[in-house]
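Protein sequence lines, in the order shown, are assigned to chains A and B.
Every letter in the first sequence is one number past the one before it in my numbering, and letter 76, counting from 1, is 76.
Every letter in the second sequence is one number past the one before it in my numbering, and letter 60, counting from 1, is 60.
It should be emphasised that the hints constitute simulated quantities derived from the structure, not laboratory data.
There's no promise every hint is true.
[Unchecked claim] With a straight-line Cα cutoff of 20 Å, these simulated SDA-like cross-link-like pairs (lysine to any residue) come out:
(1) Lys-73/A with Ser-50/A
(2) Lys-66/A with Gly-105/B
(3) Lys-135/B with Lys-2/A
(4) Lys-66/A with Val-96/A
(5) Lys-66/A with Glu-82/A
(6) Lys-80/B with Thr-121/B
(7) Lys-73/A with Glu-102/B
(8) Lys-66/A with Glu-102/B
(9) Lys-73/A with Ile-5/A
(10) Lys-80/B with Leu-33/B
(11) Lys-66/A with Ile-12/A
(12) Lys-73/A with His-21/A
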Amino acid sequence: MKTLIESGTLVIFPEGDIDQHSVGRIRGEADRLLLNTGIRNIAFDMSRTSFMDSAGIGMIIGRCRKVAALGGKIYIRGASPEVLRIIGLSGLGNIVNIEEEHNEQNEA
Amino acid sequence: MNRMRLEFLSASQNERFARGVISAFLLELDPTLSELSEVKTAVSEAVTNAVIHGYRGRSGTVVMESCISGSSVTITVSDKGCGIADIEQAMEALYSGSDDEERSGLGFTIMQSFMDEVEVTSEVGVGTSVTMRKKIGSAG
Numbered sequence: 001m002k003t004l005i006e007s008g009t010l011v012i013f014p015e016g017d018i019d020q021h022s023v024g025r026i027r028g029e030a031d032r033l034l035l036n037t038g039i040r041n042i043a044f045d046m047s048r049t050s051f052m053d054s055a056g057i058g059m060i061i062g063r064c065r066k067v068a069a070l071g072g073k074i075y076i077r078g079a080s081p082e083v084l085r086i087i088g089l090s091g092l093g094n095i096v097n098i099e100e101e102h103n104e105q106n107e108a
Numbered sequence: 001m002n003r004m005r006l007e008f009l010s011a012s013q014n015e016r017f018a019r020g021v022i023s024a025f026l027l028e029l030d031p032t033l034s035e036l037s038e039v040k041t042a043v044s045e046a047v048t049n050a051v052i053h054g055y056r057g058r059s060g061t062v063v064m065e066s067c068i069s070g071s072s073v074t075i076t077v078s079d080k081g082c083g084i085a086d087i088e089q090a091m092e093a094l095y096s097g098s099d100d101e102e103r104s105g106l107g108f109t110i111m112q113s114f115m116d117e118v119e120v121t122s123e124v125g126v127g128t129s130v131t132m133r134k135k136i137g138s139a140g
């Protein structure tokens, strides 16, 4: 799973499906990087995400709690209409920042 | 008119497998991308519930049955797991039957939003069955 650091933000590119089966790895990696880098903002770039269900929502909510305690923010980028739909349904859109325009400049 | 039945191990990697099967089965109704996504997500939630809550990580069999009639699809996901004591409570938005990890408690809410009807029957110690129906192509 691709990750990079850009302007004080941890950018994570979850690949494929985000469901209960795959979410543990994303959670683990995100938490490990938060701990090791001391960075407190996370951007999930969903341009490589083909599917997400409520397991992904739960994981993002968990990360929101962690970064909020550190004074950081969560961003969502490059999400497909389907992924945006479930984010909207969950109310997650009220606590994360959704960047609808995919910023191609930052793809390393 | 078409029908199918799939039985699989209550292992989390089969959440994606079940989504793949229902997607393939639904194709004959020529769903939009959005309709396909909705059905896949509802199935994913139901199967995940069976794996995580029904069997709680133990080995069991999850059954997914589906039938297509006209432009409607009916899908039933069932397990012989621990069952739900209070179905109403379980279906409350944000209620999570699990304390560990990060459960959003949104499974039933998603099923109800994405499908036209959702029916849950369950008996403690016997198992749970979730039946969902959706008319495809009604959005126009």
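Hint by hint, here is what the structure shows:
This hinted pair does not check out: Lys-73/A and Ser-50/A have alpha carbons roughly 24 Å apart, beyond 20 Å. Of the pairs offered as hints, the one joining Lys-66/A and Gly-105/B holds, with about 19 Å between alpha carbons and a cut-off of 20 Å not exceeded. Between Lys-135/B and Lys-2/A, the direct Cα distance comes to roughly 39 Å. Violation of the 20 Å bound is thereby established for this hinted pair. With a C-alpha separation of about 13 Å, the suggested pairing of Lys-66/A with Val-96/A holds against the 20 Å cut-off.
With a C-alpha separation of about 26 Å, the suggested pairing of Lys-66/A with Glu-82/A is violated against the 20 Å cut-off. About 12 Å separates the Cα atoms of Lys-80/B and Thr-121/B, which keeps this hinted pair within 20 Å; it holds. Taking the CA atoms of Lys-73/A and Glu-102/B, the gap is near 18 Å; set against the 20 Å cutoff, the hint holds. Distance restraint check for Lys-66/A and Glu-102/B: the Cα-Cα separation of roughly 12 Å lies within the 20 Å cut-off, and the hinted pair is therefore satisfied.
Restraint check for Lys-73/A and Ile-5/A: the C-alpha separation of about 14 Å stays at or below 20 Å, so the hint holds. Restraint check for Lys-80/B and Leu-33/B: not satisfied, since their Cα atoms lie roughly 32 Å apart, outside the 20 Å limit. Straight-line distance between C-alpha atoms of Lys-66/A and Ile-12/A comes to about 16 Å, which keeps the hinted pair within the 20 Å bound. A threshold of 20 Å between alpha carbons decides the hint, and for Lys-73/A with His-21/A the separation of about 26 Å lies outside it, so the pair is violated.
In terms of the numbered hints stated before, the structure departs from hints 1, 3, 5, 10, 12, listed from lowest to highest.
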